[in-house]
Each structure stands twice: as C-alpha cells, then as structure tokens.
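Undergrad: Now for the letters of each chain:
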Amino acid sequence: TSTQLSPAATPPANPELVLATTTSTQDSGLLDVLIPMFEKQTGYRVKPIAVGSGQAMAMGERGEADVLLAHAPDSEVKFMAGGHGVDRKLVMHNDFVLVGPGGDPAGIAGLTVAKEAFTKIAGSKSLFVSRGDNSGTDQWEKKLWREAGITAKGQPWYLETGQGMGLTLNVASEKAAYTMTDRGTYLAMRQHLHLDILTEGDKSLLNVYHIIVVNPNKSDRINHAGAQALSAFMVSPGAQQVIGEFGIAKFGQPLFFPDAGKPE
Amino acid sequence: MSQPIIEGHDLQVVFGGRKVLDVPYLAVEQGEVLVIVGPNGSGKSTLLQVLALLLPAAGRLTFAGEAVNTRPDKSGLHFRRRMAVVFQEPLLLDTSVRENVATGLKLRGTRGHDLERRISLWLERFGIAHLAARSPRTLSGGEAQRVSLARAFVVEPEVLLLDEPFASLDLPTRYALMGDLKSVLARTSTTVVLVTHDRDEALALADRVGVMLSGRLAQIDRTEAVFRSPASEEVAAFIGVENVLRGKVASQQGGLAWVVVEGRILEAVSELAPDTPVLACVRPEDITLSLRRAGETTSARNRLAGHVARIDDRGSQWRVVVDCGFPLVVLITRQSGHEMGLAPGSEVAVAFKATAAHLIPRA
Amino acid sequence: MSQPIIEGHDLQVVFGGRKVLDVPYLAVEQGEVLVIVGPNGSGKSTLLQVLALLLPAAGRLTFAGEAVNTRPDKSGLHFRRRMAVVFQEPLLLDTSVRENVATGLKLRGTRGHDLERRISLWLERFGIAHLAARSPRTLSGGEAQRVSLARAFVVEPEVLLLDEPFASLDLPTRYALMGDLKSVLARTSTTVVLVTHDRDEALALADRVGVMLSGRLAQIDRTEAVFRSPASEEVAAFIGVENVLRGKVASQQGGLAWVVVEGRILEAVSELAPDTPVLACVRPEDITLSLRRAGETTSARNRLAGHVARIDDRGSQWRVVVDCGFPLVVLITRQSGHEMGLAPGSEVAVAFKATAAHLIPRA
Amino acid sequence: MDLVWDGIAQAFWLLVRGDRETYQVILRSTQVSGMATVLSVLVGVPLGTLLGLSRFPGRNVLIALVNMGMGLPPVVVGLLVVITLWRSGPLGGLHMLYTPQAMIAAQFVLAFPLVTAFTLASVQQLNPKLRTQILALGASRWQMLLLLLREARLPLLAAVMAGFGAVISEVGASLMVGGNIRGLTNVLTTDIVSATGRGDFARAIALGIILLALVYAASLAITTIQQRTRPS
Amino acid sequence: MDLVWDGIAQAFWLLVRGDRETYQVILRSTQVSGMATVLSVLVGVPLGTLLGLSRFPGRNVLIALVNMGMGLPPVVVGLLVVITLWRSGPLGGLHMLYTPQAMIAAQFVLAFPLVTAFTLASVQQLNPKLRTQILALGASRWQMLLLLLREARLPLLAAVMAGFGAVISEVGASLMVGGNIRGLTNVLTTDIVSATGRGDFARAIALGIILLALVYAASLAITTIQQRTRPS
Ligand SMILES: Nc1ncnc2c1ncn2[C@@H]1O[C@H](COP(=O)(O)OP(=O)(O)OP(=O)(O)O)[C@@H](O)[C@H]1O
Ligand SMILES: Nc1ncnc2c1ncn2[C@@H]1O[C@H](COP(=O)(O)OP(=O)(O)OP(=O)(O)O)[C@@H](O)[C@H]1O
Ligand SMILES: [Mg+2]
Ligand SMILES: [Mg+2]
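Residue numbers (my numbering), protein chains in the order written: chain A, 1 to 264; chain B, 265 to 627; chain C, 628 to 990; chain D, 991 to 1222; chain E, 1223 to 1454.
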C-alpha cells in the first residue's frame, strides 16, 4: 500500500509546517500515527498545534498556521467564503453523542433524534454543561439548540465551561448533568465518568472533519507547498486506511470513519 | 545576710566542645552591686546571659529561693520580667527610639499615663528625649547605648544585668551616670550584676568583685579584698598588680612576715609560716617613688634603691619600671613625673608599706 | 611641615535638617596621631567617615595634595584603598574570622604566600589566631573587636581611621596594644586619626588633640596645649577641667596676672590686660591638697583654705570638692585620701602653681 | 501588535461601559485569590517562623518540602484536589468540586509554600541575637514572635505579594477545580484561556490587561506600605 | 484514590523501564526551566540589588512593577510572547515560535520578577552600615555587590528556588509558546495537561509525581546548600 511509499527523494526547501488542529484529533492520538507517516514520506516537519476549532481558524485568518484540521462546518464555510482558505477537503467523521447521568431525569435515553432530546432537557430544566469555547463541538451544539428553537444560553440550568471536552465531561459528571461530546473523548474517559450514552445515531450528530489549506496570500511566510502536501496526504488511501483502523485495538470500535472523496 | 536573690550551683556552658563557663557556686545578694571583671572571652557575657535566663546551662539556678529552669522557656518568663539586661552590643528594634524604650513596659502590660510618664522620665534621665522620634539606625554609638540603657532602666526591675553599659559614653556622662546609679541603687534595693573592663568603674560601684578567668570565677570577694589580696598570680596580673615577686618567707612574728626576694628583705603583713615559698604582690599605685642623689643607698626595709629602666606614658599617669635588683613597676602622676624630671636612668628610691605587700603561697 | 596627607575645607554634613558636621578647615599631617574627643553625638564618627570617603559632605577634600570627591563613588576607590577604618561597632562579614581578616587584602589583589603570611601575622598580634576558623557570630565582644582591628591593620595602610578601637578590650590587652601601636607608628610613617572617650588613651597616644563640640572642632592643638589651655569654657568642661572660675584680671606684669575670684587673688601665667573679665581654669589633678589644723588660715596666693564638701569615689582616684569660698574640685589618689583620713568636713588647704591656672577671656 | 491595541481599547470599554459580567469576574478573582492569600499567610507565616527559628531532626527535609511546594505544578495540585473532591473521592461528600471554595482550597495549597519559604528566609536573616534581646525585654514566646515578625516586615510583605501574585495569575488549578463555569467559578485567568481558545485574542488581551492592572494596584499598595516603613 | 496509586505505580514503571520519551521530556523540562532560571538570576539579582540599595525618583513605581511581575499570569505572558513571535509579529522573522527557545523566553519573563523581588527584599534587610563597612575595606562597586550578595545568600537561594519552582511547574505560557509538540517542545507540565485532556489521569498523575520528584530533588539540593552555609 501507499504506506510503503519511499521517503521523498529531495527534502522540501521549507520543511517547517504549522498545523492548527482540533484537540480531539490530537488527544485521541490519531495525529501521533498520521504525522510521522507524513513526515517520513515527504520530509516535512509538522508542528501540530492543538487548539479549539475557533482558535485554529483565527490562526488561519492571521496566516499563523499553514493548514487547518477542523470540525466546525459552518465557520469553515464562512472561512472559505472570506477568502482565508484556498482548498477544503473532507477527511473523515466521527459522531457526537448525548451523555447524562444514569438516572436520566429528562428521560432522553434511547432517543435517536437529537432535537427531541434537547427539547426534553430544556423542558425538564435538567442541568446541561456546554463547552462554550466556540470549538467545533460547541458550535455544533449551539446549532442543535437553535434548530430545536430553544434559547439555552443564560438559563440557570445551562452551564458553560469555556473549556475543552475532557474538562467539560468531568464537570458534567460531577454535576450529574447532560452534555454533548464526541464519542472518542467519551470512550477514552469513560471509566472515570458517571455518565452514560443516552442519545446517539442521529444524522445531525455527525462530526465532520475537513482539512483546509490556508490562503498563501495571508503572509509571505506561509508554507503553501507543505500545506498542499499534507492536505493531499490526509485524503490519500494510505492515510484513510489508518484512520479507519485507529482505535479498534483499544476500544473495540473505530473512533473515526474515513470519508475522503465522499460528498458533503 | 538575707537570702541571695540569685543562687547558682554547678553552672556550666559548653560551646563547640569547650567549657566556656564553669561556676560551682555563685550567690548574688539582694541589693548588692556585683562587678564581674576578666579578660576578653573569659565568659563574663555568658555568665550574665545564664543569670538572665537567656542561655541554657547545666546546673541549678534559684531566683529569690525559687528553683528556675535554665532553659529560656515559658517557665522563666515570670522571672525574666523581674530583671532587665543591657547587652554589650545595643541591639535596638527597627522602630522609633521612644517605642524601643516603651517595649519592655508594654510587654509587661503597662499602659496609658503610667507608661508615658515613665518613658519620658527615663528618656530625660539619659539625655535622649530629643531623639524620641528618631530611628535607631540614625543614632551615634553613644546615643544608641543610652537608648539601650533607658530601655532596661525604664522597667525598674529587681535585678539589673549590665554588660559594659557605659562603654561608649563620653566621660562626663559616664561619671554623671555612675553617680546617679549609686544614688538610685541606694534608694531602691535594686540588685546589679555589672560586667566592665574599666577598673575605676569597678572600684567606684562594686560592693563585691568577681574575677573571671577562662570561664571560672577565680576570685569573688569584697572589692577592697580582691584588689588588695588577689587570690592567685593570674588574678593579680589581671587586676593590675603588676609586681608579683617570687620569694620565700624568712621569718614571721605577730602577723608580720619577712620575705627574701632576690637577696633583699621585704616586710609584709601575713600569717604564713617561715620557709613557705610565696609570691609577693605589690600594686604599682601603692609604691611611692622619690629622687635619690646618685650613689645614695638606703637600708630601710621596703625602701629600695634603683634606677628608672623605662617610662610608659599612660595619659594622666606614668608607668615607671624601676630596676632595683628586680623590676618593680610604679605608677605616678604625670604631674609629679614632670616635677621630678624623671627620665630613663634617673636614680630613684621606691618604698611601700608592709600592708601594701600581699603574700600568696605558691606551689 | 610637609604637606598634610588629608586636608579638608568647609566640610559640612547635614542630617535631618541639622548640621551635624561643620569644619571650616582641618589638616591631618603625615605620620601624626590626631585624637578626636567630644561628647556623644558631637559628630566624631561623622568626621571620620567623611575623611574615609564613605560619607558625602559639602566642601573640599584633598588626599596627599590630590583633590578627591567626597561622594563615595568610584573615583574615591584608589584613595580608600590607601586607608583602613575601624568602626565603632565591629560589623563582621558572615564568614570565618580568617576570611574577615583576609577580605581587605583580597580586595586589593593580594594573593598567595604574601596573603597567608600577613593574615597569620595579624591574627597572632591581636591574639585571635585560635579563632581563625570560627564564625563571627560566636565571638565575644572583645574578640569581635580584635577581629575588626586585625582586619584594618592587616592592610598596613597609609592612614588608619580608628573609632573607639579599644573600647571593649580588657585593660591588659588595651595597654599592650597601645604600646604596640606607638612602636608600630614610630617605625612606619602611618598617619592615625583616632576617636576615643578615654582621656588616658588620648594623652598617651596623641600628637594633637581635636575637641569636637556640636559638630565643630572647638579646639585642635598639640595635646599638652589642649589639656593645659582649653580654648573655651565648653572645651574646658569637656576635657575634664572641672574648675572654671569667673574672675577679672586685677593687674598684670611680665606675663604674670593677678586675678580676683570671689574676693580672693589668684596668680596665673597670662598676657591679658587688667580689667579683662576672664575664666580661670584649673585642672583638678593639678591641685594639691593637704590637711590643715582647724582654724589655721593661709594668706599665700594660690594657696586657699577650705573644707571638704563632698567626696566621690572614682576608683583609683577620689574626686574631692573643696569649699574655699567657691567650690574647687581636686583629684587625689585613693591611697592618699585614705592616709589623710579625708572625710566631708575635713579642714584642708589647696594649692596650685601659677602655671596650672589658665585664663580664658570671657564675653 | 494591532491585537494589543485592540485589547487595550477593549479593556477600556469593558471597564467604562461597566460590563456587569466583567466586574463580577474581577470581583470573584479578587475574592478567591484574596481569601487564599489570607489563609496562606495565616498558615505560612507561623510555619516559616517556626522553621526559621527552631532546630529539630527532620527540619531540613521539611524545609526542602516547603521549597518544593514553591514548584508545585498548579495542574498537579488541581488534579489532586479534583480527585479528592470527586464524588468517588475521599471528600466527595462535601460537594465542593466546581465551587469557589474548591478554588480557594487549591490556590491555598499553591500559595502557602511561597509564603512559608519567604518567611523562613527573612526570619533566618534576622540577627540571631535579636531573639535573645527580645526575650530579655520580658517577651513571652508569642510576643517575641510578633516582635520578630515586625522586624522582618519588609520581606514579609514581599511574601504576601508573592503569594497573591502567584494565585491570582494562576490558571491550571483554578480551571480544573473550578471548571470555569460562567457566572459561578470563572475568574479572569480562566476567562482569558477560554477567550484564547475561542480565538478571541483581543478579549483575552483585554482581560489580561485588567488582570495586570489589578495586580499592579495590589502591588503598589503593598510596595507603598513596605517602603514607607523603612526610613532611608 | 485508586488513580493516585495507579499513577505512582506508572511513574515507577516509566522510570524503571527507562522509557526514552519520558526521560527526554524530563530532560527538556529541566533544560528549559533551568536556563530560564539562570537567565532570571543573571538579570534579577543585579536589578533587585540596585533597587534595594539606591534611591532615585520613580524607584517605588519600579518596585511596584517588579512586585506586579510576580503576578504576571502565565497565559498573558504566553499570549504576548506568541503575538510578538508570530509571523506577523515584530519578531516573526526569528522563527522562534514553537521552539524551546521561545519557552525559555516566556519562562524568563515569568521568573525574573520573582528573583528580583526576593533579591530586593533580602538586600534591603541587610544592615545598611554593611555597605559602608565593605566600601571601607577597599571594595570597588562590583566587589561590594558581590560581598553583599554573599551576605544575603540565604534568601537568594530561596529566590533561585522560587524562580525555578515557578517556571518548571508552569503550564499556560509553555503551552501557548511551545505548542506541546511531541519530541520538540512538550515538557512535563504540558504533557500532564494533554494526558488530562485525553482522560488518561493515571499518566497525568505519573508525570506529576515525576515532576514533584524533580522539584524536590532541586529543592533538597538548594536547601542543603542554604542551610549548610549558616552555622547555628
Ligand atoms: N540619618 C540621620 N538623621 C538624623 N541625625 C543623624 C543621622 N545620622 C546621624 N545623626 C546624628 O548626627 C550626630 C553625630 O553623629 P556621630 O555618630 O558623628 O556622633 P559621635 O560624635 O560619633 O557620637 P558617639 O560618641 O556617640 O559615637 C548625632 O547626634 C546623630 O544622632
Ligand atoms: N557558639 C559558640 N561557639 C564557640 N565558642 C563560643 C560560642 N559562643 C561563645 N563562644 C566563646 O565563649 C567564650 C566566652 O564568651 P563571652 O562572650 O562570655 O566572653 P566575655 O567574657 O564576655 O568576653 P568580652 O570581654 O570579649 O566580651 C568566648 O571565647 C567565645 O569565643
Ligand atoms: Mg562580653
Ligand atoms: Mg561615634
């Protein structure tokens, strides 16, 4: 397979490449597998900076990153429309789940429609912890509330941490509250949490990752060639195969599903 | 005599493996002035600190009959508050002069008018009222010493422990304070233990004098007794008996002994038996010196002929070394030295009374 | 006389709005011993620090003819290294005694064998060789003072500035050091400015004496001159001329003046014109005292009859106040006091020479 | 650098407009860190004095522990406090996690070694004879401690400032044990982190500037006290 | 609390197994923070001494700034360093962002106010006559400074420890400036954060324990020097 590609014949002129990536890909360990592969194949040296999707795009806008790996489709579309990016490719997805205390005071267990679950939580005024950090996950959650026609922000039962998924899960667990999380982080932390998966499987809970090449006009210091190479690599069959197999060994199920070339 | 106010048994302090203090017995009598003298490093300050319950020592200590712990712990607080100490080095607190003087009283709970009155009184007495608001860091050496004194006297304690209290004071002040101290002590029944290097201070103030040598109280007795009859050669040397002559008692009768020193006969008041080897001590200031015509001799006992070997100028006094077979040190006033026109080589006669020669048996 | 080693013009120091030092002119001659005496807080230490280039003062200062900055900045380093100071309070560095003594030399770049030799030599001289490895925190007062002295002497400077250097030393050591100092100074041509409260130290060591009063050098002159002829009543009082008698010159002839004091005539050596109001100063130790049969009178000039009003014990001396129309203070040895059986009320005669009475014109 | 100017402008507006949320956060920061500092002074000063003045076996180990305490990583402290306060943890019953009280506890753990170490160093530097002098004046043990601390007040005020500065600017532990819950446990530093995370750099800088101003005000107050008590 | 035991066990195995990555991270933490501490001592000690000894207008403002420096939030420092080192920032040309050098710079900014403030406090507590005494011994300005610092060595060692402790345990700035890039800029604290983020608490605790051990070793060394130089 393509993983056996020989190293690049000539090292690139500017090998340094800054990748602003979501924390979930970094924390799950996926990048720890993919990036060495890429570096070996191409001779680039990638600096993966794990930040929320919000900060990742802010860095892109300022030309501080060469390439972004994000999962906030609405912002990404705006980002592209603003001319900040030149190339955006679908890489993979995983899914969000709604988790909550075993007691399930809002009664959302078994529901498969996220909107219904959100309505019930709001109706029962059960505690809900939001990341509130403008990350991909956070933006997705906000969108679901909007679609359910609920103004959650500012309600006494709606808490925002402004932090990453790990901390937010902990807070939810301790407060016996509901929250929305990506499956990977939940699986990794499951054994310390008093939270169960209650709602899953809705199409609206799909968490889609794109790789975006930043507009090289942003700054004359942008490594455009490297960005394009990484973008190409992420959708290459070799990388896609690794993505599909990642996590099976540890959790018995994959954490990500390769999507390269699929329609949006 | 009434009960001693402080009594110590077998007091010992060891520093770095060396016995710095070793006092089998010491009693400080109620109301007396006990002056401790001794060479540098002999343990005087150490003794004072032990008596002040500030330095743990082996041994037993009683204060007005009550046993006290020599460790400076809580049990000693009650006794410490009945004493006051002036340390050799005035260590003032980083606050105003007035606050420094107030501290001891405040710690004892004195408040209000009484406090103010006593502070003002003692600031006045030590001539530092104008410095009340100053920081101790800006004081001159003598001014700091006065604050240190005021700080101790203001608590009007039963026992005052003073470590060279007048060291950096100017002479007029020193004399005035010594006079004041005497009258204060006469009025109150304050007990004083005072360490000093000033022989005149000791003579003027002391009821008793203790001579400290290498951590031991080599002699402790009434002032006159110590200065007239030092207990050993070392004590004699330290308290300024510079003439210590090796001799042997030739005969003795009715308390008067004749001693042979270097072939000359001296008369001394003593009960020592004939043939006892002795040291004859004569204080330089007890010897009179007069000019002698060249060649004139004298046969009178305790009247010796000699010539001036050396003259040391000691300010208002001259220290004259007379060679009369053996060297004899004589102190004369600068005045009379000038009058006699004394110079090295001058032919002189020296004389002293039988009571001025003190015999110590030697081993 | 050769060029002064230190010369100061209009030196002034102001602290807290008060002029603490105010010296229009001062010259320290090469090789002399200049002793500064004065009451506490009069500015002696301040003067010393100014001379040592450690305290900025208004005015001009020259060192061996070269102008120096009185601010303690870099330009003064060269001159500071030619001096050494012993402060009133020995402030030792938190390292061993040996290191303390070594510091001055090391700072001047002395190394190796020479360093070791000099350190050992001076540790020995001050009797502290056995303390070399000790921390200064564990030293007794006198031991610390010796280290402070050794630290200054070891650099063998051109100028030594000593602020009460012998204050906490025991008497035998003090005398020994004073003797040593004299011989050292005689050998080398070291210049010394020494502050002391000890009159005997001043008399024994000084070539010249400066009397500091409230920041001013009230008098600076050869030792004998200062003690014999104080320039003012204040100086007289301070240096211990306790007898300052108000009178008026009655007549004068050939340098001998007759002064009327309280109806009595005194003879004094003086050139002052008749009718000048004067103060007649007579030092207590220049007056002789003898017993007088009750009722016996004397008409001789400078020989006055009176009776003992009061006796203060000053150790080896007695301070006797004689009432002879006016109070006259006389110093006698304890010895002769005892011999005369002197007591308050005793009828006595006092006498002094015309040369012992010194006249100061008064305003 | 445009971001910095944006931040300064925004900080100005936040304060002038009287943004209630901003003021709340400032108040909470001050309260939590102030309380933590007070507690560390109450524990650290006596402890430091004790370590500075007495000799006992194991003292050096204790001093090393205190010095180590200055290097306690806030995240580790946060983690340990979290584990302790978890429902499954030994103190789970207190329901203290994600409350300001928990933050105070964590910040106390961070600040008191600093205060202790500063106190220790400054008490040790006092002239050892001072203790004897104070005892001789008739002081009880406690009176002596108070007088000694008065003598060492200069470095002690520095200690207070170091403690306060360390905790008010700290983020790791506050985040973990407080959870940065808006309106409940968010403080300036945790808000800065979340603004940064959102990519809202200007707001992050604005809050940072407000925090700096707060610390500067505190330090100016302390410096003034500190330098006034010492005549030159 | 089982997590803590797991952590201890894991820490033990990480060290015993000689896990190369762990050792690398330990080494990098030590190097980065050690270098930052050395730099802050080189700047902070002279600065603190100067502030402690001289009087000049504006001195109090400067002292307050230093005291404020002790409360510099690492995240704010991180942010400012990041903005400066950004490609678009004034020092972008240095390509220093996300390198250990950048971390040293940020940590230096955090540590040197601590070192300065400690130095200031301890120098001020020295007897002011000591300076005169040292000058009188024939010291030049520099020799005087060195001797004064030798006299104040006890609190100065505490200052070094405080500086080192503050930066080796700091995470906010290191994360922002270094980016926690594995094998390049990840240090113990940033690894702890990322392990916590992953929910791998046991590893977080293991690394925390290793960090504590490292700090304790350093503080034991410093404490020993500190206490040995002072005879009782
Ligand atoms: N910083 C200061 N502020 C105000 N007054 C000061 C300051 N420093 C010194 N003085 C005053 O200056 C005067 C002279 O001090 P100095 O130390 O020179 O006296 P001295 O003659 O050496 O006295 P002593 O015999 O007591 O040592 C003293 O009255 C002292 O209080
Ligand atoms: N911690 C210590 N370690 C070793 N020796 C010590 C210690 N403390 C004091 N000494 C020694 O104890 C001896 C007695 O000291 P002390 O202060 O009592 O002497 P002193 O008679 O008061 O002398 P001075 O006249 O010089 O004041 C001194 O030789 C001193 O060096
Ligand atoms: Mg002593
Ligand atoms: Mg003086």
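Mixed in with the good hints, there may be bad ones.
Below, in silico cross-link-like pairs of lysine to aspartate or glutamate (EDC-like), each with a Cα-Cα straight-line distance of 16 Å or less [unchecked claim]:
| no. | chain 1 | residue 1 | chain 2 | residue 2 |
| --- | --- | --- | --- | --- |
| 1 | C | 809 | B | 576 |
| 2 | B | 512 | B | 535 |
| 3 | E | 1351 | C | 726 |
Listed below are several chain B residues computed to face chain D (Cβ distance under 10 Å; list not exhaustive) [to be verified]:
| no. | residue |
| --- | --- |
| 4 | 313 |
| 5 | 328 |
| 6 | 332 |
| 7 | 369 |
| 8 | 372 |
| 9 | 375 |
| 10 | 376 |
| 11 | 379 |
| 12 | 520 |
| 13 | 569 |
Label pairs and their in silico Cβ distance ranges [claimed, not checked]:
| no. | chain 1 | residue 1 | chain 2 | residue 2 | range |
| --- | --- | --- | --- | --- | --- |
| 14 | A | 78 | D | 1005 | 27 to 35 Å |
| 15 | C | 760 | B | 478 | 17 to 25 Å |
| 16 | E | 1351 | C | 757 | 38 to 46 Å |
| 17 | B | 440 | C | 739 | 39 to 47 Å |
| 18 | D | 1052 | B | 373 | 30 to 38 Å |
| 19 | C | 953 | D | 1119 | 19 to 27 Å |
| 20 | A | 43 | D | 1005 | 37 to 45 Å |
| 21 | C | 972 | B | 396 | 58 to 66 Å |
Hints are computed from structural coordinates only; laboratory data are not their basis.
All C-beta atoms in this analysis are idealised placements derived from N, C-alpha and C, irrespective of residue type, glycine included.
Undergrad: Please go over all the hints and tell whether each is borne out by the structure.
TA: Hints and how they fare:
1. Distance restraint check for residue 809 of chain C and residue 576 of chain B: the Cα-Cα separation of roughly 10 Å lies within the 16 Å cut-off, and the hinted pair is therefore satisfied.
2. Between residue 512 of chain B and residue 535 of chain B the alpha-carbon distance is near 13 Å, which keeps this suggested pair within the 16 Å criterion.
3. Simply put, residue 1351 of chain E and residue 726 of chain C have alpha-carbon atoms about 19 Å apart, too far for the 16 Å limit, and the pair is violated.
4. Because the closest C-beta pair between residue 313 of chain B and chain D is about 7 Å apart, less than 10 Å, the hint holds.
5. Hint on residue 328 of chain B is violated. Least Cβ distance to chain D is approximately 17 Å, over the 10 Å limit.
6. Hint on residue 332 of chain B is violated. Least Cβ distance to chain D is approximately 14 Å, over the 10 Å limit.
7. With a cut of 10 Å, the hint placing residue 369 of chain B at the interface with chain D holds, because the nearest CB-to-CB distance is about 9 Å.
8. Look at residue 372 of chain B: its Cβ gets to within about 6 Å of chain D, closer than 10 Å, so that hint holds up.
9. The beta carbon of residue 375 of chain B is not positioned within 10 Å of any beta carbon in chain D (closest approach about 15 Å), and the interface hint is therefore violated.
10. With a least beta-carbon distance of about 18 Å to chain D, the hint placing residue 376 of chain B at the interface is violated under the 10 Å criterion.
11. The criterion of a C-beta within 10 Å of any C-beta in chain D is not met by residue 379 of chain B, whose closest approach is roughly 14 Å, and the hint is violated.
12. For residue 520 of chain B, the interface hint is violated, since its Cβ never comes within 10 Å of a Cβ in chain D; the closest pair sits about 51 Å apart.
13. Interface hint status for residue 569 of chain B: violated, as the beta-carbon distance to the closest one in chain D is roughly 55 Å, over 10 Å.
14. Our hint of 27 to 35 Å for residue 78 of chain A and residue 1005 of chain D holds, since their Cβ atoms are close to 31 Å apart.
15. Restraint check, residue 760 of chain C to residue 478 of chain B: a C-beta distance of roughly 20 Å satisfies the suggested window 17 to 25 Å.
16. One distance hint, 38 to 46 Å for the beta-carbon pair residue 1351 of chain E and residue 757 of chain C, is violated here, with the actual separation near 28 Å.
17. For the pair residue 440 of chain B and residue 739 of chain C, the beta carbons lie near 53 Å from each other, so the given range of 39 to 47 Å is not met.
18. Range check, residue 1052 of chain D to residue 373 of chain B: Cβ separation about 35 Å, and the 30 to 38 Å hint holds.
19. A beta carbon spacing of about 50 Å between residue 953 of chain C and residue 1119 of chain D contradicts the range 19 to 27 Å that was offered as a hint.
20. At roughly 51 Å, the beta-carbon separation of residue 43 of chain A and residue 1005 of chain D lies outside the given 37 to 45 Å, and the hint is violated.
21. Evaluation of the 58 to 66 Å hint for residue 972 of chain C and residue 396 of chain B yields a failure: the beta carbon distance comes to about 43 Å.
The structure fails hints 3, 5, 6, 9, 10, 11, 12, 13, 16, 17, 19, 20, 21 (numbered hints given earlier, in ascending order).
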